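**Student:** Residue numbers (the numbering used here), protein chains in the order written: chain A, 1 to 482; chain B, 1 to 454.
These are computed hints drawn from the structure, not numbers from a lab.
Among the hints, erroneous ones may be present.
[Said to hold, decoys possible] Below, simulated SDA-like cross-link-like pairs (lysine to any residue); rule was C-alpha separation at most 25 Å, straight line:
(1) Lys65/A to Val190/A
(2) Lys38/B to Lys225/A
(3) Lys381/B to Gly90/B
(4) Lys38/B to Ile380/A
(5) Lys379/A to Ala186/A
(6) Lys268/A to Glu37/B
(7) Lys268/A to Met110/B
(8) Lys167/B to Ala441/B
[Stated by the list, open to error] Cβ-to-Cβ under 7 Å is the rule here; a few derived chain A residues that face chain B:
(9) Met161
(10) Lys172
(11) Pro175
(12) Lys176
(13) Ile390
(14) Glu439
What you are looking at is a predicted structure, and each value in this text was computed from that prediction instead of being measured.
Here a beta-carbon is modelled for each residue, glycine too, at the ideal position from N, C-alpha and C.
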Amino acid sequence: MNYRMVLYIIGQMMKVEGLLMFMPLIIAIMYNESVLPFVIPIALLLGVGLSLTVRPPKNKVLRSKDGFACVGLCWVVLALFGALPFVISGSTATFTDALFESVSGFTTTGASVIADVEVLDKGILFWRSLTHWVGGMGVLVFVLAVLPRSDAKSGRLMHLMRAEVPGPTVGKIAPKISRTARVMYAIYVVLTIIEVVFLLFGGMSFFDALIHSFGTAGTGGFSIKNASIGAYNSAYIEYVIGAFMLLFGINFNLFYLILIGHFLRAIKSEELWSYFIIITVAVTTITFNIMPLYQGGEESFRMAFFQVASIISTTGYSTTDFGSWPMLSQAILVILMFFGGCAGSTAGGMKIGRVILLVKNAAREIRYILHPRTVVSVKIDGKAVDNETIRGSTSYLIVYLCIFVLSIIGIIALNGCDLVTGFTSVASCLNNIGPGLAEVGPMSNFGNLSGLSKWILSFNMLAGRLELFPILMLFSRSTWKK
Amino acid sequence: MNVIVVGGGKVGVMLTGLLSDEGHSVTVIDTAARLVEKIVNDYDVMGIGGNGATASVLNEAGVSQCDVFIAVTGSDELNIMSCIFASKIGAKHTIARVRNTEYSMQIPFMRDSLGLGLVINPDFEAADEIARIIDFPAATKIETFSKGRIELAEIAVSKESSLCGVKLSDLRKTFNTAMLVCAVQRGDEVIIPSGNFVIEAGDKIHFTASKLDLPKVFKTLGMSKKKIRSVLIIGGSRTSYYLAQHLLKAGMRVKIIESNEERARKLEEGLKGATIIYGDGTDSETLIEEGLDGYDATVALTEIDEENIIFSVFAAQNGVAKTVCKVNREVFVSMMPSVLEGCSIVTPKSITANIILRFVRSINNADGSNIQKLYRIIEGKAEALEFHAAENCKLIGVCLKDCNLKPNIIVACISRKGEVIIPDGSTAIKEGDSVIVITAAQPITDLNDILEED
Numbered sequence: 001m002n003y004r005m006v007l008y009i010i011g012q013m014m015k016v017e018g019l020l021m022f023m024p025l026i027i028a029i030m031y032n033e034s035v036l037p038f039v040i041p042i043a044l045l046l047g048v049g050l051s052l053t054v055r056p057p058k059n060k061v062l063r064s065k066d067g068f069a070c071v072g073l074c075w076v077v078l079a080l081f082g083a084l085p086f087v088i089s090g091s092t093a094t095f096t097d098a099l100f101e102s103v104s105g106f107t108t109t110g111a112s113v114i115a116d117v118e119v120l121d122k123g124i125l126f127w128r129s130l131t132h133w134v135g136g137m138g139v140l141v142f143v144l145a146v147l148p149r150s151d152a153k154s155g156r157l158m159h160l161m162r163a164e165v166p167g168p169t170v171g172k173i174a175p176k177i178s179r180t181a182r183v184m185y186a187i188y189v190v191l192t193i194i195e196v197v198f199l200l201f202g203g204m205s206f207f208d209a210l211i212h213s214f215g216t217a218g219t220g221g222f223s224i225k226n227a228s229i230g231a232y233n234s235a236y237i238e239y240v241i242g243a244f245m246l247l248f249g250i251n252f253n254l255f256y257l258i259l260i261g262h263f264l265r266a267i268k269s270e271e272l273w274s275y276f277i278i279i280t281v282a283v284t285t286i287t288f289n290i291m292p293l294y295q296g297g298e299e300s301f302r303m304a305f306f307q308v309a310s311i312i313s314t315t316g317y318s319t320t321d322f323g324s325w326p327m328l329s330q331a332i333l334v335i336l337m338f339f340g341g342c343a344g345s346t347a348g349g350m351k352i353g354r355v356i357l358l359v360k361n362a363a364r365e366i367r368y369i370l371h372p373r374t375v376v377s378v379k380i381d382g383k384a385v386d387n388e389t390i391r392g393s394t395s396y397l398i399v400y401l402c403i404f405v406l407s408i409i410g411i412i413a414l415n416g417c418d419l420v421t422g423f424t425s426v427a428s429c430l431n432n433i434g435p436g437l438a439e440v441g442p443m444s445n446f447g448n449l450s451g452l453s454k455w456i457l458s459f460n461m462l463a464g465r466l467e468l469f470p471i472l473m474l475f476s477r478s479t480w481k482k
Numbered sequence: 001m002n003v004i005v006v007g008g009g010k011v012g013v014m015l016t017g018l019l020s021d022e023g024h025s026v027t028v029i030d031t032a033a034r035l036v037e038k039i040v041n042d043y044d045v046m047g048i049g050g051n052g053a054t055a056s057v058l059n060e061a062g063v064s065q066c067d068v069f070i071a072v073t074g075s076d077e078l079n080i081m082s083c084i085f086a087s088k089i090g091a092k093h094t095i096a097r098v099r100n101t102e103y104s105m106q107i108p109f110m111r112d113s114l115g116l117g118l119v120i121n122p123d124f125e126a127a128d129e130i131a132r133i134i135d136f137p138a139a140t141k142i143e144t145f146s147k148g149r150i151e152l153a154e155i156a157v158s159k160e161s162s163l164c165g166v167k168l169s170d171l172r173k174t175f176n177t178a179m180l181v182c183a184v185q186r187g188d189e190v191i192i193p194s195g196n197f198v199i200e201a202g203d204k205i206h207f208t209a210s211k212l213d214l215p216k217v218f219k220t221l222g223m224s225k226k227k228i229r230s231v232l233i234i235g236g237s238r239t240s241y242y243l244a245q246h247l248l249k250a251g252m253r254v255k256i257i258e259s260n261e262e263r264a265r266k267l268e269e270g271l272k273g274a275t276i277i278y279g280d281g282t283d284s285e286t287l288i289e290e291g292l293d294g295y296d297a298t299v300a301l302t303e304i305d306e307e308n309i310i311f312s313v314f315a316a317q318n319g320v321a322k323t324v325c326k327v328n329r330e331v332f333v334s335m336m337p338s339v340l341e342g343c344s345i346v347t348p349k350s351i352t353a354n355i356i357l358r359f360v361r362s363i364n365n366a367d368g369s370n371i372q373k374l375y376r377i378i379e380g381k382a383e384a385l386e387f388h389a390a391e392n393c394k395l396i397g398v399c400l401k402d403c404n405l406k407p408n409i410i411v412a413c414i415s416r417k418g419e420v421i422i423p424d425g426s427t428a429i430k431e432g433d434s435v436i437v438i439t440a441a442q443p444i445t446d447l448n449d450i451l452e453e454d
């Protein structure tokens, strides 16, 4: 492994994180709160970051292995330092809790261990939600956007991007990686601002609008209300946030295509169509299923729409306790957890693109059995997908299931909880959603789980956000060989 | 600038690397998706898998916003066709690689009527370079500037050479020759030397001199080799064909050994006066039988690098004074520098890449001092460029010793109305001069770039 370059990138990342922490610091000063929770980590981050990046390494080549391991390491470091404000401010009881909260923030999961968020300092609340926003698009994508050109050119930095941006394949939208990263962030920032404006119209305060836009944009789900979005009791806000959650679950490359005038090419995307079809089916079914629980069709539609948008985009906001819904609706939501949003979005889960690929591949296998001599290729958007990508997706699924099953067993063994709690807590963390069902449902939290199980779930969240391999690679001995 | 490269072969990859390193936005198109993926991993560029001669792929690559369109696939027809498409859709400049002799005859037509900006025949360019090396056997490499008036020669300094231990400021006094040492390769290092530099054995020095003086320079340096009168070429490729034409015209005796009977026959029909042998050029029996040791020079031009290298070493062992060897994969040369000592290496892909690079940089600098020639020397670690000094050049009328040049840049030669000036501190550039600059620093596109910005 090219340690010097990996450390250099980690250093750059720490500088970015240090600078980002100035935002909650300003909030803390504005509200006359303690500034220590931010000053200490900022000093640490900038100090270490600067010393790691004083001299750029001579050999800047990051091979595929280095790129993946680098992203994995970066995120571990990111989460560790991101936990410091929670520890120093005493918002969480233990370091484990702080780390869980930080990992949950950066991986845009939104699972919380804090029972009463409404008593927390504004600065801490802001930081909690800012981690969502940064983690959604990816902190390394941000680093790539601001990295000096001399680093990018000798680069092979594409491996970093590939490891951090979710999806079976990653397409650049501009020849230069720095430009690609900047365009992605520009779209991200603009969409976030639009949402803030919409929420302001709904009567939210600026601070609340910002926090919830961060949570939506990163598809995270941290709220500053114990009752999440339900606390505002406003149909307008629910529709706005619901719609934006769906938007942030769409591949950002498609927004770019629309931006440069290729509207037709964008809406022809098979993944986009499947995404909307799945949503429509789910919302319709649930609306009729929960009709008896609410007054009138509009309210049940709104509840169904918001919860479906929240789960499929892996955000995890809630307006109602869907744990009390009929079993059919709950089952649909649990299945949606695994689908997740589109590739190249800020959403988690397995990604619609990958699901389509796996389904089509399975159909191809069946055709092979029926007609052993047929020549069939798996096609997405009319283009044949090469076998490498398919192989990548199938091995992804297997590894995913292994982690999933082992984690469920671990959680149940450690906490002695019921199967629904074990199953949905892991599903919700591995898919970066937030709330599960039963003991970890939308109206409760993860605080009652044992310490070790929080570590397991933290691992699940990181693995889910980085699509397994960057984190798994850290456990392989050959990764660390020179 | 936005650059599109169609074809991810040897030349395509090399160009992609060079152009993206210079800061251009490069998009590579190739039908082989695997290849495209590898290029995207290795360089900061965008890749598109598909046929570069279809409108849909070209549109996806953004041809309408593209400044330079380069087609370097293996197929001439595809290159020409994609360039025509691109230029009709809106690419500002197009470059096509065309190898087929029958097509290259109609280059003027393709340029004028079909909108092709530059048509390159790599085989022809390679033959041209080899012919120049054969003209001056003492140099391992030779590049010409200013319509052939100025030569940039590379020589290896041996232990016995009279150049050993000479300080550059004393060079003119000691040897009384008009030459300027402008770049030195010592081990892996590239040095742009100043007057205090002392030449050591093992150095590879690059110097400029006027073409007329060059034989004299070699003579005074005691490096003059016998003029080459007979050349043995192994491999009957297109390059061999062009080279043989060249050499025959210069009155040399040429023999080509080709192992493919049909090709041998074709060569025989096309080349009057050359001896064509149908046989295996890597077989020592054949070589001895054909009188290898009697030739002044050998040129290895088979398709296989390894064969070329082995043959060249074998020829040198058999007492051939000058060996030229075509190597496509430059790594081979750096892997065994001692084996190939004294052998002149020719890499066709970098010749093509140099020409395209020059074209791209001069587009980039349409109204300044235009680049006339560009050679990448010492494995691409330094560049030799010829500029036409335009009116806006800040160096005009200022003595060179008063110009604040960037480090690692040297003005190596000036050609003024046909007269060659080897510059010293008191020389000043005039408008209209052809100025040759050697740089080991960042790439430059304008003559003004050599000045330190203040």
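**Student:** Each hint needs a verdict: does it hold in this structure or not?
**Tutor:** Quick rundown of the hints versus the structure:
no.: 1; hint: Lys65/A to Val190/A; in the structure: violated, 34 Å
no.: 2; hint: Lys38/B to Lys225/A; in the structure: violated, 48 Å
no.: 3; hint: Lys381/B to Gly90/B; in the structure: violated, 35 Å
no.: 4; hint: Lys38/B to Ile380/A; in the structure: holds, 21 Å
no.: 5; hint: Lys379/A to Ala186/A; in the structure: violated, 31 Å
no.: 6; hint: Lys268/A to Glu37/B; in the structure: holds, 24 Å
no.: 7; hint: Lys268/A to Met110/B; in the structure: violated, 38 Å
no.: 8; hint: Lys167/B to Ala441/B; in the structure: holds, 24 Å
no.: 9; hint: Met161; in the structure: violated, 10 Å
no.: 10; hint: Lys172; in the structure: holds, 5 Å
no.: 11; hint: Pro175; in the structure: holds, 4 Å
no.: 12; hint: Lys176; in the structure: holds, 6 Å
no.: 13; hint: Ile390; in the structure: violated, 13 Å
no.: 14; hint: Glu439; in the structure: violated, 45 Å
Going through the hint list in order, the structure does not satisfy hints 1, 2, 3, 5, 7, 9, 13, 14.
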